[in-house]
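Novice: The residues making up each chain are set out below.
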Amino acid sequence: MMAVRSCLGVKFGVSGLLSQLTSSTRHHGSRPCVSPILTPQHRNTSSSSTSSKVKVDLDQNTGVAVMHMQSPPVNSLSLDFITELCISLEKLEMDKGCRGLIITSSQPKVFSAGLDILEMYGKSPERCGEFWKSVQELWLKLYSSNMVTIAAVNGSSPAGGCLMALTCDYRIMADNPAYSIGLNETQLGIVAPFWFKDTLMNTIGLRNSEMALQLGLLYKPQDALKVGLVDQVVPEDQVLPAAVKSVNKWLAVPEHARQITKSMMRKSTIDRLTSNREADIQNFVSFITRESIQKSLRGYMELLKQKKA
Amino acid sequence: MMAVRSCLGVKFGVSGLLSQLTSSTRHHGSRPCVSPILTPQHRNTSSSSTSSKVKVDLDQNTGVAVMHMQSPPVNSLSLDFITELCISLEKLEMDKGCRGLIITSSQPKVFSAGLDILEMYGKSPERCGEFWKSVQELWLKLYSSNMVTIAAVNGSSPAGGCLMALTCDYRIMADNPAYSIGLNETQLGIVAPFWFKDTLMNTIGLRNSEMALQLGLLYKPQDALKVGLVDQVVPEDQVLPAAVKSVNKWLAVPEHARQITKSMMRKSTIDRLTSNREADIQNFVSFITRESIQKSLRGYMELLKQKKA
Amino acid sequence: MMAVRSCLGVKFGVSGLLSQLTSSTRHHGSRPCVSPILTPQHRNTSSSSTSSKVKVDLDQNTGVAVMHMQSPPVNSLSLDFITELCISLEKLEMDKGCRGLIITSSQPKVFSAGLDILEMYGKSPERCGEFWKSVQELWLKLYSSNMVTIAAVNGSSPAGGCLMALTCDYRIMADNPAYSIGLNETQLGIVAPFWFKDTLMNTIGLRNSEMALQLGLLYKPQDALKVGLVDQVVPEDQVLPAAVKSVNKWLAVPEHARQITKSMMRKSTIDRLTSNREADIQNFVSFITRESIQKSLRGYMELLKQKKA
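Residue numbers (the UniProt record's numbering), protein chains in the order written: chain A, 1 to 309; chain B, 1 to 309; chain C, 1 to 309.
So here's chain A without its partners, still in its complex pose:
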């Protein structure tokens, strides 16, 4: 077994908490002001657009967009950030000039630290439900995308960050043993929901998923490659070039046939969430608002504060 267990408090191997502890500004409840992403600019060969947390560069010649996540410090998936990601994804999905998408991070050393724990701690059930709905939405948009999607994993990618990578068609990770990737929810005392589990099983199989999910395993890049959690490991400065090379390979396949095939492969997994969204939200809210879980999250946050001090 090549997997590497999560150590509580590892620098980036946590689900988004660290980001919030060091993040100075938050605007709960306010939806981000959406900047005009990807308005038609067909005279130019490329367009670039930036909302506050998501920067998208679309090459009109190749039809490939690169989406840079830039929500300091560690791309924690807050409601605001997820909302921006969903809006960007929807625009790209509807843009006929965009056929391929590379997702990467602008933040050093981290792809995405996963779901923002602060969205789950001390919040009202309504707010927790709203947050969870956005997480579902992000997964649905990514996992069912008609675009070729490549994860350029240029840093650590625990929990929800790993989930984002898992939704893509292909995953390339930087060969840096300081980085890790995995669904480490149990290490935080919480549980990855069934559709996280399904996505992982679809990628690394049932037995590997059983161990990975129960132990909350975080894999170093080479171990992630061995278990099939990522498809390719390259030197850190080669992650984006390799992603571009890869997306072009996928785009060479007749598009309509590829899209139907992708849909055929993922439909049953997607349907399972689509037909159970409300129940899944209720389930999450009732679990996360339990006193014991809140206490566990608080303990974890305090542990991190101590580590930082």
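No lab work stands behind these hints, which were simulated from the structure alone. Each hint should be verified, as a subset may be incorrect.
For chains that are exact copies, the list does not tell them apart, and a pair is met inside one copy or across any two.
[What the hints assert, rightly or not] Straight-line alpha carbon distances no greater than 27 Å define the calculated DSSO-like cross-link-like pairs of lysine-lysine that follow:
#1 249 - 295
#2 307 - 249
#3 96 - 245
#4 295 - 133
#5 305 - 249
Assemble the complex: chain A is given as a structure, and chains B and C must be docked to it using the hints.
Specialist: Leaving out everything else, chains B and C in the frame of chain A:
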């Protein structure tokens, strides 16, 4: 990722088109005159029978039949050829003296080039439906066979040829890097139906299937071995001897227990098609008769003609 | 293919028959007198209890119990032995002081030889049904345990013995090529039921299971490791220490999250049996009481007698 992408127009790595372009005789609509295969000849220790496109040698001592596909030039699966294959399979299945079946090719360099594109191009919906029903029938007969079935893959085996190999209990391939095997339908702009997908997933797992089907991957023998698409790779002249050795190993297992076990493993996959045959036919017909798909097939055929010229 | 086929009559590679041929005492129909296992002894740091065939040592400090199977000569799973195992498991499951369970054997060279053939030969349908119900019960208790379960496989483990190991969270096997493990039912002319099949598929995947079950494969430790049938292979005297190390690693994960995750992974497989227990019993009884199967079992038993003589 060890897989090797399909190159359009590779000599044999196409789905049956090349065969028809170079084939001189075709008799659409006429069913083959079935020669009396495997009539009881219990005084002899072996029987040999040949219809126009299928030669079967049954060794009465061992109970093992070798089925040679000999539909020049590349064993494309036309309606006629499929019909002959089905008739041969049904006779063997009912013959109590036959317990094991080795499927191989008499044609040089190719196992089977897959479904005959000419059966899908410029044909009436009725004819397309008849063709598709025969493809279903071939798969059902092979995948649910009570016999031990071994694929002796002595040449390239794209698309429907790969499917035939996948239905067997065990696959042995010639170690010749000029050969390849895989479900490369997307490369032709068409889509492998759900039961092709199921058969592949049952063999190489979901994630490998997702990549193989979307990219239309053709694997060289050593790569096919690594991914589990074939079980054994041997020197070209050892394919048949290895298949004989293998079939005897499988036949050493108490027969009834083995058959029940095989049925238990495959039943749900078989039931899914059995209970959806008509809808699957309708789906195929409406897809393949679309103008855009017909245009795509025509373009592909013209590309091949140019390559040949 | 690394697997090693079963040889009929291999010393321990049989399903429990050998045990009964050499076992002198049997008390059919009488349930074992249950000794008071694990009554509260919180002043002591460990408790030890022994029923006639099951010895349990529980370390109150670590919360880890070691269950020694000691039903001479080869831990064949008779109705009596299974009943004792189930009672022990239920007590441990309800004991809040017990969080982890290591299952191992006190008998030399064998973990468990599997289901006791004498329970299946020459018995009334009622008795066969009672026996099968106990086998179901053992599987349900083990596969759905809230405890961390580790199989310390310190000897051969065919058929039902392999099943017991497969229910655990993690499997460690002694690196002795004289030992083997696998579901070899077909070699005896019988069929592993669907929930044996499901448990195997959940561990080594569909394709490996299809081969393993049809051929009745027994794997040597290193081959079992390669196919994923066991997770770790260690020198014989390190099996138990490695199991202790492993159970502590699993117990370090927040317990409630781990248990929910385990349940989520296994629920559908467990439900399939739970909702079909009676039909599965009827199916087993009608199969095993067939004259042809009884004859096959008798032939097998006589073969073993000759081997012994």
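Novice: Determine for every hint whether it applies to the structure shown.
Specialist: Evaluation of the provided hints:
Taking the shortest alpha-carbon separations for residue 249 and residue 295, only the inter-copy value of 23 Å comes in at or below 27 Å, while the best intra-copy value is 48 Å. For a Cα distance limit of 27 Å, the shortest separation of residue 307 from residue 249 across copies, 22 Å, qualifies, whereas the shortest one inside one copy, 44 Å, does not. Proximity of residue 96 and residue 245 under a CA criterion of 27 Å is satisfied intra-copy only: 21 Å inside one chain copy versus 55 Å between copies. In this assembly of identical chains, residue 295 and residue 133 lie within 27 Å of each other by CA distance solely inside one copy; the values are 23 Å within and 43 Å between copies.
For a Cα distance limit of 27 Å, the shortest separation of residue 305 from residue 249 across copies, 25 Å, qualifies, whereas the shortest one inside one copy, 45 Å, does not.
Hint check: no violations occur; every hint is consistent with the structure.
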